[in-house]
Structures are given as structure tokens and as C-alpha cells.
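**Q** What follows is each chain in one-letter form.
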Amino acid sequence: MTFEVGSGLSIGSILFTVIIVAAMLIWVERRLLSLWQERLGPNRVGPFGLLQVVADMIKIFTKEDWVPPFADKLSFVLAPTVIMIVILLSFAVVPFAPGVGVIDSNIGVLFVLAMASLGAYSVMLGGLASDNKYALLGSLRAAAQMVSYEVFMGISLLGVVALAGSFNLREIVLAQEGVWYVIPQFVGFVIFLIAGIAESHRLPFDIPEAEQEIVAGYHTEYSGMKFGMFFVGEYLGLVLISSLITVLFFGGWMGPFLPPIIWFVIKASLFIAFFILLRAAIPRPRYDQLMTFGWLVLLPLSLLNLMVTGAIILSMQ
Amino acid sequence: MMQKKAIQGKKHATNLVETIMLSLFKDTFTSQVKTLYQVFMHAFVKADTVEYPEEQPYMFPRWRGRIILSRDPDGEERCVACNLCACACPVDCIALQKAETEDGRWYPEFFRINFSRCIMCGFCEEACPTNAIQLTPDFEMAEYIRQDMVWEKEDLLINGTGKYHDYNFYRVAGMAIKGKGKGMAQNEAPPVNVKSLLP
Chain A
426 MTFEVGSGLS
436 IGSILFTVII
446 VAAMLIWVER
456 RLLSLWQERL
466 GPNRVGPFGL
476 LQVVADMIKI
486 FTKEDWVPPF
496 ADKLSFVLAP
506 TVIMIVILLS
516 FAVVPFAPGV
526 GVIDSNIGVL
536 FVLAMASLGA
546 YSVMLGGLAS
556 DNKYALLGSL
566 RAAAQMVSYE
576 VFMGISLLGV
586 VALAGSFNLR
596 EIVLAQEGVW
606 YVIPQFVGFV
616 IFLIAGIAES
626 HRLPFDIPEA
636 EQEIVAGYHT
646 EYSGMKFGMF
656 FVGEYLGLVL
666 ISSLITVLFF
676 GGWMGPFLPP
686 IIWFVIKASL
696 FIAFFILLRA
706 AIPRPRYDQL
716 MTFGWLVLLP
726 LSLLNLMVTG
736 AIILSMQ
Chain X
864 MMQKKAIQGK
874 KHATNLVETI
884 MLSLFKDTFT
894 SQVKTLYQVF
904 MHAFVKADTV
914 EYPEEQPYMF
924 PRWRGRIILS
934 RDPDGEERCV
944 ACNLCACACP
954 VDCIALQKAE
964 TEDGRWYPEF
974 FRINFSRCIM
984 CGFCEEACPT
994 NAIQLTPDFE
1004 MAEYIRQDMV
1014 WEKEDLLING
1024 TGKYHDYNFY
1034 RVAGMAIKGK
1044 GKGMAQNEAP
1054 PVNVKSLLP
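Listed in order, the protein sequences are those of chains A and X. According to our numbering, the first sequence is numbered sequentially starting from 426. According to our numbering, the second sequence is numbered sequentially starting from 864.
Note that these hints are calculated values from the structure, not bench results. Heads up, a few of these hints could be off.
Sample of chain A residues at the chain X side, in silico, Cβ under 10 Å [to be verified]:
#	residue
1	Arg-464
2	Gly-466
3	Asn-468
4	Leu-702
5	Pro-708
Covered by chain A, per the in silico footprint, the following chain X stretches (three or more residues, Cβ under 8 Å) [what the hints assert, rightly or not]:
#	stretch
6	893 to 906
7	911 to 920
Beta carbons are placed, not taken as given, at the ideal position from N, Cα and C, and that holds for glycine.
From just these sequences and the hints, can you work out the full model?
**A** Structural data, given as C-alpha cells:
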């Protein structure tokens, strides 16, 4: 078997790598956070504390798999699987390198956005099925946040799509041969970055799971591996958003000297580190501030960006 | 003046777009970016963490840690089994029994501290009239079996004077023991016969 788009080897290694990376991010995040907080972080289990992930996994797998008696059993069990499946499916269209990818879809951008929307079901179902007021509040917030931030997430990408003339992520990367889209589409990049954080509800936009206000939000009632799936799902979302930013705005695998896949990993890792820095630095906004910022600032900005991009493209022809 | 302010405030509130754009540039592009930069620069600062078992912290001499029973400069036990430490102890972790030697000295027959109860408050040290019981800068007392937390006199006694090197209770106290009668202690006047009227 050889590496080509859609080959078994390619699919298997992508699935394996993505899940391992998401699990390793637990350690990476803790180490990076402690670096910026002048601590050391987990450094006892194995070299540099790397085996912390293994210890966490053993712990989480051997925990009791408990469903609260008042919960709605089916949707309670279903909810955490949805977020994993949906985000793993999104990775199908991400072009990691020439020949490395699951599918070469002509509607790649749309597919990713559609899957991101489905992710909202996970948190909504989880919160509703828990039959807990904190979970309900969390899922209400999550639903509103994800639905509204999806709007400009999509619109901010349309500038890139218009420039590349394709919805295919692989072709978008190839169209950045000359100049990365972060330069002509800087506003789009910033909006997508912010919307991406809100979409994967990472800090500072982790309002659906704000510990200080609503315990743990939609996964308050979850424990064991079901909580683990929400947890890993969040890190998968982080990896996905970082990969998408790399693909859409930073030329994907393009770069001199090093092999393409290495360039992809370097770029994506930088964005993952940036997301963790955001968590270390920026405090959480209030819920209404988040919504106001979204609808009154980001939406007009993204529309403006799209219109200006369109006008420039038309005038160039 | 206040009216003017109120009008200004109203004007400001009505101009929503201006407010939002201002806050966008002021907050987002200066404050937030500055915060990010400052937090990032913390990556180049040495971590405050003390990696404990490898790196021992400095223990202050007055630290209230493991309790010991000290000896006087002559090498005799200082404890006179007065029970004041056991009375002072707020968690009742000290138990002892008085005994007496042939030459008249008092000593504890047994002296037991249950360290699984002890809160290291140091009241026993304050209560002790003979400087016998003292707290030391040692805190590494973890055990796997709870019964091992109960320390007997043999475990508590040290071969030294602890924090007070010159103090010897029987040398300064008026209590008579063999070889030191009434009035023979340091700075002690000979006993007076209170029933006699003669000067």
C-alpha cells in the first residue's frame, strides 16, 4: 500500500495520529499553561511527564461508567459520541500533505461547516439529557453561541473561497502557491480565528462550561469515559480549527526545505500553542458581551470583508 | 455640570456604532494583544516551583514540626511528668504517667504522642515548665500504618538539650532531691522557719 488520498494506510494513520495528538494535548496544554504561569506542570510520570497521558487514560477507562437515574438514557449516552464522530468526520476533508488525506471533496469547506453545526447537537443533547439545571444553562448558552458564531465563521471563509475559486480544501492550498491568504484575507483570518475558538468553546469563549458560574456546564453530570469523550472531543476540535487555519490562511503544507507534512505539523502546532496562550492570558467575557460582539462587530465586519474582496476580484477581471 | 455629563452620557450611548468600534480598537487591539504578549513573555521567566523531594526547602528554626523530648545538660530527662502539656493539648494527643526515681526525681513512666491527632499547635511547648517538650523543623512523618503514628517515649527522647542548652530544672527549682536539699538551688535562699518568732 502506498500513501495516496483515500488509501487505507492514509486513513488509518490519520485517524490514529489525530486521536493520539488530541490525547497528548492534555499534557501539552498543562505543560504550556504552567510554562506561562511560572510553574512546572506535570513532570513526574515518565520523561518530562509524558506518560501523564497514559496515567490519565488508565484512570478514566477504569472509572465507573455511570448514568444518573434521572437522565434520559439514550441521548445521554449518544451525546458524547456525536462530538467525537462529527469532528473526526471533519478531518476527512483536511488535506494534510500531497497524497495524505481521506477524501478529496469538492465541497470540503461546506462539509467542515456542516459538521461543525452538527457538533452543536452534542452539547445540546448532553445538557438536555442530564436533567440538571447547570447542564441545561450550559447547553442553552452553547446552542446560542455555536449557532451565532457559525454564521460569520462561514462568511469569513467566503473571501478565501472567492479568491481560490473552489470549495475544495486541497485546491485552496494549491492556490496559495504565491502568497498565503492571511495577507489578502487578514480580516477574514481574524474573524475565523475568533469564531473558531467560540465554535470549539475553548477559553476565553468557554461560556457553555464556565466553571465559576455553572459548575461544568453541559457535561456536569458526565463522568468516566463519557466525560473523556467530551474532553478529547474538545481537543480534537482544537486540532481541527488549527488545521483549518493552516489550510485556509497559511498555505497548508507549503514551505521550503522540509517535507510537506512537517510544515503542516509545525504550522498547526503553532496555532494550537496560540490557542493555549489565549487560555492562559484572556479572561472570559460575559455571555451577553459575547453575543453582542458576535452580532454587532463580527457579522458586519465579515460581510464588509466579503463585499470588499468581491469588489476587488471583480475589478481585477 | 452634572446635567452636562448626563447629556454627554446619553449622546455616547446613542452612538452605538462609534462605541463599539472604539471599544474594538481600544480593547481588542491594545489591551488584549498586550495581555497576550505579557503572558507569553512569562515563558522566559524561571518557574517558582520547588521540586520538593530532590530540592529541600529551607526550614525555619521556629518551625512547629515533629515533637521531641529533650534532656538537660547532665543528660537526664527534663520531663517531670507534670501533665501540663497533656492539659494544654487541644486534641488530647499526649498521654503520660508519672513515676518517681529513688532519689526523688519525677519522670514519665510512659510518654505517648499520637501524631495522627497532633495538629502541631505548639501549645505543649508553651505549657512545659521544664523546656522538656519541644517542636522541631521536621515535617516528614508520613507512615503507611496508622499505628506507626503513635510515638512512645523512646522515639521522642533525644540525646540533647534542644533549643535551650543551659537549663536544668532540678538545679534551679526548690524541690528537694537526693544530693540537693531545700535552699540549695541556684539563687535560692535557705528555708525560713515560719513558725518561729525570732529574727
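**Q** Each hint should be assessed against the structure and marked as holding or not.
**A** For each hint, the structure was consulted:
With 10 Å as the threshold, the beta carbon of Arg-464 (chain A) comes within range of chain X, its nearest partner Cβ sitting at about 5 Å, so the hint holds. For Gly-466 (chain A), the shortest C-beta to C-beta distance to chain X is roughly 9 Å, which falls under 10 Å, so the interface hint holds. Proximity of Asn-468 (chain A) to chain X holds as hinted, the smallest CB-CB distance being about 8 Å (cut-off 10 Å). With a cut of 10 Å, the hint placing Leu-702 (chain A) at the interface with chain X holds, because the nearest CB-to-CB distance is about 6 Å.
Nearest Cβ of chain X to the Cβ of Pro-708 (chain A): about 9 Å, under the 10 Å cut. The hint holds. With 8 residues carrying a beta carbon less than 8 Å from a beta carbon of chain A, the stretch 893 to 906 of chain X meets the three-residue requirement, and the given coverage holds. Counting residues of the stretch 911 to 920 of chain X whose CB lies closer than 8 Å to any CB of chain A gives 3, which reaches the minimum of 3, so the coverage claim holds.
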